[in-house]
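Given the coordinates of chain V, assemble chain Z onto it according to the supplied hints.
2 protein chains.
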Amino acid sequence: MSNEVNRRWLLASRPDGAPVAENFRLDEAEIPVPGEGEMLLRVIYLSLDPYMRGRMSDAKSYAAPVPIDGVMEGETVAEVMVSNNPDYVPGDIVLARAGWQSYGLSDGSGVRKVARGSVPISTALGVLGMPGLTAYAGLKNIGMPKEGETVVVAAASGPVGSAVGQIAKIRGARAVGIAGGAKKCAYLIDELGFDAAVDHRAPDFAEQLAKACPDGIDVYFENVSGKVFDAVFPLFNQFARMPVCGTIAFYNATNFPEMETYVPTLMRAVLTKRLRIQGFIVYDFASDYPDFARDMASWIEEGRVKYREDIVDGIEQAPEAFVGLLKGKNFGKLVVKVGADPVSS
Amino acid sequence: MSNEVNRRWLLASRPDGAPVAENFRLDEAEIPVPGEGEMLLRVIYLSLDPYMRGRMSDAKSYAAPVPIDGVMEGETVAEVMVSNNPDYVPGDIVLARAGWQSYGLSDGSGVRKVARGSVPISTALGVLGMPGLTAYAGLKNIGMPKEGETVVVAAASGPVGSAVGQIAKIRGARAVGIAGGAKKCAYLIDELGFDAAVDHRAPDFAEQLAKACPDGIDVYFENVSGKVFDAVFPLFNQFARMPVCGTIAFYNATNFPEMETYVPTLMRAVLTKRLRIQGFIVYDFASDYPDFARDMASWIEEGRVKYREDIVDGIEQAPEAFVGLLKGKNFGKLVVKVGADPVSS
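Going down the list, the sequences are from chains V and Z. Heads up, the first sequence is in our numbering, so the first residue is 18 and it goes up one at a time. Heads up, the second sequence is in our numbering, so the first residue is 18 and it goes up one at a time.
Treat the hints loosely; a few may be bogus.
Which copy? The list can't say, so a pair holds if one copy fits it or any two copies do.
Said to hold, decoys possible - Here are the simulated lysine-lysine pairs, DSS-like style, with alpha carbons at most 30 Å apart:
#, residue 1, residue 2
1, Lys77, Lys323
2, Lys228, Lys130
3, Lys344, Lys323
4, Lys290, Lys344
5, Lys228, Lys186
What the hints contain is simulated information worked out from the structure, not anything from laboratory work.
So that you can see chain V by itself, here it is in the shape it has in the complex:
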């Protein structure tokens, strides 16, 4: 490590609308030295997720923003290089929030060991990690799909959406996915077994969605909002549930965009249809993790849940990949390969 440096992406400025490459600055620093109880982590994979857009902004949210000149936050799969923490030894592969950098320190809080198994260690950032748990816990605690019900999810080829649809199928529900473009829609049906897929770019998107949901919508897993919500809203059945884990359509908005649905219309439907709308973030349901880890691993093993990764090579690609993520350019869970996996490389 002697001639190596810690390459890291700092937040250079807060975006005005959609983030651009200039909001980030690549920095080189010395590899940090772990103190008492700390470990030095070498990042192998960095997860890129839509919530990071929120951290770039100083608008009030459930988590504090990244400070200007601070290292961008993010979850990583990393190798323990040096450990002053009795729970970890060098060579351990861990899940840790090391951020957008090649090396990081950790005192072990929030860290979990990643076991090597039949799936790549990068899945700890996707189907077996936070996005998978978001889908699992949101359906379990709020969506609660019953056999024969219709479950709709947007960004359906992404890590949360694809898990939502496949878990809905396992629960005996009908899964309808919304995605951008024919290729992603075909993937939903041909690979993931969704019952229907609708392209949100189609000019007659709302009509197509209505046709894809002839019995209405019982669960809408909301991670997008905006015009997708406008199309979903009139199709809600009585007692429909809407877990809200994201509103990507608004993340880059400087002013909130126009929507067809207004609050009075919404509230009247909430009452007359007895809708349940509830926001959550994955950490609210951390206690579901053990059940999730067991169920999801066996579903993957049995071939009932499939996943797709979109791996970008090199930490220098992170900003461009993240900018593209918010535009739906990725196809599958977006992960940046930051460093070598000591086993596969």
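Chain Z only, in chain V's frame:
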């Protein structure tokens, strides 16, 4: 009964905006004759409730509209006059949906006997009936107030709102009521024991509400919507719950009124604050009735729940009283005395 007639209010026309007296027509018909299994009921008390505005309209809702020239629907406390139903005998006092008329038939479905006790039989339409259960079940199943939390309710001197505030107090929460005018606000604090009361007619209503809720709002029991919601919304704490049982502000609207809160703002808050917004009608929680009846009766007995009735004399007053109800003119549970109580008269 030989020279008596059945006086009944028919829906003459559907309102365009706020209902007016001309939307109703007083009709006289023969007293109906019960068939096999049926009873003849003589109405003593007729309940007037905001939901009836919905039944006058043919907009899609959770219940079918009253047809033009149909008898207006409504819950009543009535005396059984003739019974071909083995479960009831003449002289029984029952709760039944006999409607806006002096006599009605019933096959016994949805009927319940009203026992005479320490409270008037009219309370079966209020604190011990549908409005009381609405408050009880909405708090139990959705609002779930915890000790020390702040519960806000509008139309707080009405039968639902007053029960919401008092049950919230029993659960150890802080109760803040919203009502129209100083007299109702004073009643909330002096008689019902609310911790604070805010007059929604005050020009600085939103500021006053914020001052009355220094620790934010954990539960907002929504029965009004409109500008009250706009003032409540920014005060929501993380994990706040909003049971929605009514949207009175919109009942008379021909177009939905302007609101300061828009769907994108709402959805972002649903996510970042993890709000739960859920509509319900009292019949969804019918299974809570036995617990409710037991708890509420003992709370009244112990003086922990107080109630107020606004009794209007004579069925001919029903339309005017109903029109006033939607303007907040009543003070307490609005009931029309249609016929004599055989015991008290």
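At most 30 Å between alpha carbons: which applies to Lys228 and Lys130, within, between, both or neither? neither (45 Å within a copy, 48 Å between copies)
30 Å Cα threshold - placement of Lys344 relative to Lys290
between (33 Å within a copy, 25 Å between copies)
Exercise. Is it within, between, both, or neither for Lys228 and Lys186, if the alpha carbons may be no more than 30 Å apart?
Worked result: within (19 Å within a copy, 49 Å between copies)
| task | Evaluate Lys344 and Lys323 at a C-alpha cut-off of 30 Å and name the case that applies: within, between, both or neither. | result | Intra 23 Å, inter 57 Å, cutoff 30 Å: intra-copy only.
With identical chains, the pair Lys77 and Lys323 could be close in the same copy or across copies; at 30 Å between alpha carbons, which is it: within, between, both, or neither?
This pair counts as neither: shortest intra-copy Cα distance 36 Å, inter-copy 41 Å.
Violated hints for the displayed structure, listed by number in ascending order: 1 and 2.
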